[in-house]
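> For reference, the chains in residue letters:
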Amino acid sequence: AQSVTQLGSHVSVSEGALVLLRCNYSSSVPPYLFWYVQYPNQGLQLLLKYTTGATLVKGINGFEAEFKKSETSFHLTKPSAHMSDAAEYFCAVTLSGGSNYKLTFGKGTLLTVNP
Amino acid sequence: DVKVTQSSRYLVKRTGEKVFLECVQDMDHENMFWYRQDPGLGLRLIYFSYDVKMKEKGDIPEGYSVSREKKERFSLILESASTNQTSMYLCATFMTGSYNSPLHFGNGTRLTVT
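Chains A and B, in that order, give the protein sequences. Just add 1323 to the spot in the first sequence (first one is 1) and you have the working numbering. Just add 198 to the spot in the second sequence (first one is 1) and you have the working numbering.
Think of the hints as simulated: they come from the structure by calculation, not from any bench. Quick caveat, the model's predicted, so the values are computed rather than measured. Built from N, CA and C at the ideal position, the CB exists for glycine as well.
What the simulated footprint calls covered on chain B by chain A, stretch by stretch (three residues with Cβ under 8 Å from a Cβ of chain A suffice, anywhere in the stretch; the number is not a length): (1) 235-241; (2) 302-312.
Computed, partial: chain A to chain B, Cβ under 10 Å: (3) V1327; (4) Y1359; (5) K1372; (6) A1415; (7) K1425; (8) G1429; (9) K1430; (10) G1431.
Please model the complete structure; the sequences and the hints are all you need to start from.
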């Protein structure tokens, strides 16, 4: 079985500060990992994904995430927060090589950016 | 760009009513999903479909059913709506062939059952 834990349901940062959103996963086989972002009154959109290869993954809007197998983590970072980054962020996992595609989401982290 | 359209943005229904939520996609994707989103609970999978007339239960199928008569359309049905089904419902599609493909989401239907 696969699962995702996002530490912190709400993170608040100042504009220009580092953004760090934490995600830990549980998986019995190599996972595929994703970060999605949801802006107010919209559906989710893909921010970045890890499949295989390079463990540091770059996404849209200056975000990146690092896959650390030893820590079973896939934390999302951005060096300098912008007001437009205020949104809810979801980490998700699916299993590679499975017969069905089933994406399991974390409970989400709401990011607030203060001026 | 993939377009996933959910027919209603906001919906208000009464307890006991039969409710249909419609989702249409324009990219010929085989896979379609219905999620429910609640504060503090994230997204939970209700049902999914890998092909026309094919459906599988997700994690929380109780009280719901689905219909997939055409490839582009996936309907979520609340047989007898209850207040605990008040929620945001999200439809998503996915292209077969690669497990690292992203899901494409609609903008959601916010359903209130009174």
